[in-house]
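Please construct the entire structure, taking both the sequences and the accompanying hints into account.
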Amino acid sequence: MKYILLMSGTSAGVDRYRAWPQQDIDAHMKVLRNISQELTESGEFVATQGLAAPTEARVVRGVKNGLPVTDGIFPESKEFLLGYWIVDVETAERAYAIAGRISAAAGPQGVPTNMPIEVRRFAFDEPKSQ
Amino acid sequence: MKYILMMNTMKAGHGVPNWPQKDLQAHIAFMKNLNKDLRGSGELVSAEGLAFPDQAKLVRAGKDGKPITDGVFPESKEFLAGYWIIDVDNAERAYAIAARVSAAPGPGGSPLNMPIEVRPVMSGPPPEMM
Chain W
1 MKYILLMSGT SAGVDRYRAW PQQDIDAHMK VLRNISQELT ESGEFVATQG
51 LAAPTEARVV RGVKNGLPVT DGIFPESKEF LLGYWIVDVE TAERAYAIAG
101 RISAAAGPQG VPTNMPIEVR RFAFDEPKSQ
Chain P
1 MKYILMMNTM KAGHGVPNWP QKDLQAHIAF MKNLNKDLRG SGELVSAEGL
51 AFPDQAKLVR AGKDGKPITD GVFPESKEFL AGYWIIDVDN AERAYAIAAR
101 VSAAPGPGGS PLNMPIEVRP VMSGPPPEMM
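If you're matching them up, the sequences are chains W and P in order. Going by my numbering, the first sequence opens with residue 1, and the numbers climb by one from there. Going by my numbering, the second sequence opens with residue 1, and the numbers climb by one from there.
Each hint should be verified, as a subset may be incorrect.
Stated by the list, open to error - Distance ranges between label pairs, derived from CB positions:
| id | chain 1 | residue 1 | chain 2 | residue 2 | range |
| --- | --- | --- | --- | --- | --- |
| 1 | W | E90 | P | P107 | 35 to 41 Å |
| 2 | P | A96 | W | A97 | 39 to 45 Å |
| 3 | P | K32 | W | D24 | 23 to 29 Å |
| 4 | W | P75 | P | N113 | 16 to 22 Å |
| 5 | W | T91 | P | S46 | 21 to 27 Å |
| 6 | W | K78 | P | I28 | 27 to 33 Å |
| 7 | P | K63 | W | A123 | 30 to 36 Å |
| 8 | P | D23 | W | T55 | 19 to 25 Å |
| 9 | W | Q23 | P | S46 | 32 to 38 Å |
| 10 | P | N33 | W | R33 | 34 to 40 Å |
| 11 | W | D24 | P | I28 | 45 to 51 Å |
| 12 | W | R33 | P | I28 | 49 to 55 Å |
| 13 | P | N33 | W | T91 | 34 to 40 Å |
Hint data in this document are derived by calculation from the structure and do not stem from the laboratory. For glycine and all other residues, C-beta sits at the position ideal for the given N, C-alpha and C.
Structure (structure tokens):
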């Protein structure tokens, strides 16, 4: 079954992350790269992506005079998707375990960020091939 | 450039919309046509629908390395219902496709005018994170 693991945060959270010491950012990214590497080796990796900064986000709603209506103003509380992992696993528990590891990735001074990771199953999906 | 179009239209507890069958079918047919057009133009990277929010879990790392899962969300939380990743020449094209998604038919065939969030996708971590 395929699951998507969604990492979200506010714009202020992204600003705080950008202010981490470089070595902490490096250590954090290394953990995430290792997780992707292990998932690739176990055959569970499907895809991962990071999204560009919330400042580049736009909401599009309908068309006016033949042009899309775009808006780039968001409430401060809005949770933006920062990145995601798609995994192909046997059970929901395995998806939660991977999400737990992502959540445990080190932040400043090596303390786990404990970020909440939202886990969602794909609606239309074939069972994992044996 | 790659963009993700996100349909953040669901709230906690939402299931299959209570629309007449023919309206649901028209909505699905619209989405299928859209995907066919984007595949035809070579712009579709992937499109997925997610299972309903009643199956969503939030996962955090526990102290013992075991994941802590939580399925209770604030009423205000917007859930990702589905997304498209497209590879297009410019942001304006991404907005135009988002506007088309926004206009998907709802009950009675009227356009839903859904807000569609558009974000650039990074092809890899930004250089400062490597």
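Hint check:
For the hinted restraint 35 to 41 Å between E90(W) and P107(P), the CB-CB distance of approximately 39 Å keeps it satisfied. A96(P) and A97(W) have their C-beta atoms about 41 Å apart, which keeps the hinted 39 to 45 Å range intact. Taken as a hint, the range 23 to 29 Å is violated for the pair K32(P) and D24(W), whose Cβ atoms sit roughly 46 Å apart. Roughly 19 Å separates the CB atoms of P75(W) and N113(P), a value that falls within the hinted 16 to 22 Å.
Between T91(W) and S46(P) the beta carbons are some 23 Å apart, a value that agrees with the proposed interval 21 to 27 Å. Under the hint 27 to 33 Å, the C-beta atoms of K78(W) and I28(P), about 29 Å apart, fit the expected range. Range check, K63(P) to A123(W): about 34 Å between beta-carbon atoms, so the 30 to 36 Å window is met. For D23(P) paired with T55(W), a C-beta distance near 37 Å fails the hint of 19 to 25 Å.
The hinted range of 32 to 38 Å is satisfied by Q23(W) and S46(P), whose Cβ atoms lie roughly 34 Å apart. N33(P) and R33(W) have their C-beta atoms about 39 Å apart, which keeps the hinted 34 to 40 Å range intact. Checked against the hint of 45 to 51 Å, the pair D24(W) and I28(P) passes, with Cβ atoms roughly 46 Å apart. For the hinted restraint 49 to 55 Å between R33(W) and I28(P), the CB-CB distance of approximately 38 Å leaves it violated.
Look at N33(P) against T91(W): about 35 Å separates their beta carbons, and that is inside 34 to 40 Å.
Going through the hint list in order, the structure does not satisfy hints 3, 8, 12.
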